[in-house]
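Engineer: Read off the chains here:
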Amino acid sequence: MSAAAEVLARGRRRTRRRTRRLPSPGLAFSVALLGVFAVGALAAPALFPDGSGAQVGAPYATPSGAHLLGLDDAGADVVAELLWGARVSLLVGVLAGVMTVILGGVAGLVSGYFGGWFEALLMRVTDFFLVIPVLPVMIVVAALYGTRLVNTIVIIALLSWPGTARVVRSQAKTVRQRLYVRRARAMGASHGRTLVHHVLPQVAPLLGASTALAIGHAIFFEAALRFLGLADRNTTSWGQMIADSFERGAITAEAWWVLLPPGLAIGLVLLSTTVIGRRFEQRTNPRLAVSHLGLRSFRRAAAAKEAS
Amino acid sequence: MSNNDDVSTEVPGAVLSRRSMLFRLGVGGAVVAGLPTLLAACGDSGSSGSSSSTLRIGLTSEMDSLNPFVQQSAAAVIATHMLYPTLLRLEGDDFTVEPDLADDYEVSADGTSITFRLKTKAAWSDGKPVTARDAAFTINTLVQHSGSAAALLAQYVVGITGAEAPDDRTLVVRYSEPIANALGLLTRVVILPEHVWTEPASGDGAGLKTVAYDEGTVCGGQFVLTKYTPKEIVLLKAHADWYGEKQSISTLGFVTYGAPDAMIKALEASEIDAVALLSPSTVGGSLERLADRGLRTQQAPGFVMNNLYFNVNPKKTQHRELLDPQVRRALSMGIDRARIVEVVLFGMGEVAGSLVYPAMGAWHDDSVVPDAFDIAAANEILDGLGLARGSDGVRTAGAEKMSYKVNLASGLAGGDRILQIISDGWKQLGVEVKPNTLDAAAMIDAISAPDGKYLTNDIAVWGFLPASPDPSAVLDHFITDSIGGFNNCHYSDPDFDRAYVEQNATLDVDERRSLVYDMQNRFFEARAMLALVYVNALAASGPKLTGYQMSGFGPFNAVSRDQVTQLRLA
Amino acid sequence: MAPLRVIGRRLAGAGVLIWLAVTFDFFLFRLAPGNPVDQMSRIPQGSRQLQDQLTREFGLDQPMVVQYVRYLEQLSQGNLGVSFVNRQPVTDNLIDAIVNTLPLVGLGLLIAIVLGIGLGILAGAYRGRPIDHGAVTLATFMYSLPPQWIGMVLLFLFAGTLPTGGMVDQFLIDPTPTQYLADLGRHLLLPALTLGLVMFGQYTLIMRSSMVETLSDDYVLTARAKGFRPRYVLRRHALRNALLPTVTLIGLSIGAMVGGAILIEVVFSWPGVGRTIYDSIVARDYPMMQGAFLVFTVSVVLFNLLADAAYSLLDPRVRRAGAAR
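Protein chains in written order, with our numbering: chain A, 1 to 308; chain B, 309 to 878; chain C, 879 to 1203.
Be aware that one or more of the hints could be misleading.
[Unchecked claim] Now the in silico label distances, taken between C-beta atoms and shown as ranges: (1) C/D939 x B/D789: 42 to 52 Å; (2) A/R124 x B/G655: 52 to 62 Å; (3) A/G57 x B/V677: 24 to 34 Å; (4) A/L47 x B/G701: 50 to 60 Å; (5) B/K427 x C/G1038: 21 to 31 Å; (6) C/V992 x A/G116: 35 to 45 Å.
Since the hints were derived computationally from the structure, they do not count as laboratory data. These numbers come from a predicted model, not from an experiment. Just so it is clear, CB atoms sit at the ideal spot from N, CA and C, and this is done for glycine as well.
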């Protein structure tokens, strides 16, 4: 191991300890928030047994003690709609997002690492997906295969993974050129071992970020398809709530209590998943805790070097 | 007035482009649909440099084309009508026929020819006179190419064998048989300048569809074209040689908005002076709110109808219990139409029964009463038919559960809310609804699937807007010949077909009315189509516009001239 | 390897890609349920005869393979065909739409890049500090918001202050160029801001990620050890490498931009490419759909070629790897 790598390793160990000690209000908040949405989604049938869209009063009634976020265009409680909608939005986001990253991550990692014809083939495939306009194709495919929820999820994942694959491959390609990776191979590490122990940690941060982004994508596309009227009307979702408020004059009615919650809910959930994703990213790749730009870490590294 | 059409599409079959979304947005269909539009006034308001006689009108439907052989957007039809003379027009709440380019007319005793005397002072925008030859040329062109290039307009020249111009001021139109609504149909025919259109009309007439519109286009109506940008604006200016009553509006612009909310905000900000037909289901139920902001709203019983269509093709392959009119009647009784009016239309509409709208005046038979919402009575009927409930509460018919895929047009304004209310009611009957949202193109496919055989569809929810206030415009949807077209039910009744032909050729109004009454009763009893609600026409304008008249087709339509000439800007 | 051969191979690859996409689109559209003829002939008195006539007119009576070959022939002559809906050449329709969309996407992208990269650098350089948390939180949150919703909220907030629809005030009479541009700018503000707000978040996140990666690299340590000041190291060493993934991402995000543009153009009544694509899908206007998708494909391919070129200019390691292969 080179002196520099040694230095890095020591610095890394120290930083990791430091990182662990740090309390993280953002993380706690994110987990709590997701927990609230998840519990709310699970509890929706118990709290609002009439299901989504049940009319309880006059359309666009303002918020009151009985209905904290007022009523929507159909006279349904906005809180009930939010919770019922959470079930669908979260399900679509997570399933489609995870599917996207698994497909894209594997493709990107393998092609970036091995290169050669394997890379060329995968790149051509992703290239192809990249040059067709995703949302328009989704519109066509949704029309073709119907608007059932599972179709929506699969369509989103199948059309989204190449983006992740591209970015991951860039990173993997760069990583594989690095000295210590080449050295590990030279010392006899298998491809699998090199991939998992040397390349993956370098790519993991990107995967973490990608997962968050992919969940965002999935929820974006679900909402877009709803907005364009191509979704399963058996269920409501946050995207459906946005679509309804657009189509049914919520702005003219000045019904901010109908307009704001679904968009904010989407924003908050995605924010939380990303914060959690970043945290995960720091754990799996301690190297991220190192920045040679900062004076303190520079001194530390330099000191370590001297000591050796 | 405009082309006939499904509500969800603002146009007949249409292609308006934004059908499905924007469409749902308000437009939903209907909205724009019709002819509506309104005008506005404007003035010195706002930041724009408009003069005080410039009317800026907002629309939620776009103008697909100004070419009458191509256009399917109702809004575009209105604009095109302003560019050309018509022989006759319809005015007032009851849509009375009045002279336009024709000063007077005479119908022959047997009803097979009509002779028009035309005004002498009419001129095209290039200075050439408008003569009877232009009219004869136009009508003959429509007849000649009715199966091809002029197909969109063929409905207005039905029964016409030809037209001739014995002299410049006299026009004779000949019919193969009397047509009850002959005059009404002629109000829809715009007279084109022969010297411009001869060449495109030659051969197979394919050239008719490729005529493009720009500033130099020769027109002869109330207005001439000054600017046309598809999807953005149609700007017209008053035609100096217009043969009719002078209007005070010197410039008229139609601006397209993608979202009703954006359009209303623009109206509040005086970026426009009025908005065209709004769909009640898209305005957030906030008419009072609009009034508080200084806007004026008007509504009138309208021509948009939202309906539920059963497939009644006797050959259908599944859910054959729906072929029983008793089952369909029970399902009709399970629909809370009043709630649809209250929730979906925010109160701006009426529960519906008859195919012939109340807005059609005396043609509507008041004795056709919509089925009342009565769960107990409906359950009794279904129980009586032996359709027992399973353990999950859903009834079964034969081997099948009464669980139906309902095809819903994504363009239907408030469609998912309508379906939700239907679903709520039917659940209490032990009948399950599985919504399947489709855009218009896919809807047409699904309704007639497979391959136009009408076998697999069970139920569809859509709407429509007729092309004219004449009852034939809706009755013709359900004749056997319309299967493959607007007949979403595959309804086929030889007696209904015969009555349709007969009423269409009956010139005596009372006689025809009794035939039309019989037909609407007969159709209602069959319950192949369940009329759900009649949607009010709704429009809004800023404070500066006066003389703005509402009709069932909106404050602006393609057959009235008065709606424009009476407008005044403060 | 000779650069010319590399370029030639790249271009050939791009050509094949475009052909594949064109083929995919062609068959995808024709498999979708619904067809233009059924819709257009759905008129009172619409007859079988009319349907047959339109079918012939559109060439849809031919076997699909024949249609496909004809389409390719046409395409090879640069002819995109005629729109079924308005019977005008597809090229003309598309040019109108593209000209309308460019200012929207241009300004939106500019807002996104400036905000995104700027915030990303800040966050990366001040890793772990409040400014990092703030930037990342903001970027993630904005990126998570649906474009149509952002547009609606802006509409809700700014209606009355700024125009809510259209590109320009069509009633301005003979505006001077300055007036015209000012008016266009006012109309552009809300939609472009919406697009910018939607897009910038992901640039920030990726920029920050790669900054963080880069800053932990050995050569940064080396540079610092040589006594270069942090700002200099940042500019000369870290930034160039950190930009790599971001450049890739900007190329990749054209698709998202088109998606966003569809939604935003709907909300703000903007007569651009997004709405043209959506409208043509709804009408099953095959020539317009094919034309619009083709334009999209070609622009993504071009952008990716440029991004690849920029990539090898920016990262010597990749250049070396490419040469070694």
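Engineer: Indicate whether the distance between the beta carbons of A/L47 and B/G701 respects the range 50 to 60 Å.
Structural biologist: Check failed, 23 Å falls outside 50 to 60 Å.
Engineer: Does the beta carbon distance between C/V992 and A/G116 stay inside 35 to 45 Å, or does it fall outside?
Structural biologist: holds, 39 Å
Engineer: Determine whether the Cβ-Cβ distance between A/G57 and B/V677 falls within the hinted range of 24 to 34 Å.
Structural biologist: With Cβ atoms ~29 Å apart, the hint holds.
Engineer: 42 to 52 Å was suggested as the range; check whether the CB atoms of C/D939 and B/D789 agree with it.
Structural biologist: violated, 23 Å
Engineer: Confirm or reject the claim that A/R124 and B/G655 have a C-beta distance inside 52 to 62 Å.
Structural biologist: Since the Cβ atoms of A/R124 and B/G655 sit about 59 Å apart, the hinted range of 52 to 62 Å holds.
Engineer: Is it true that B/K427 and C/G1038 lie within 21 to 31 Å of each other by Cβ?
Structural biologist: violated, 46 Å
Of the numbered hints given earlier, the model fails hints 1, 4, 5; all others are met.
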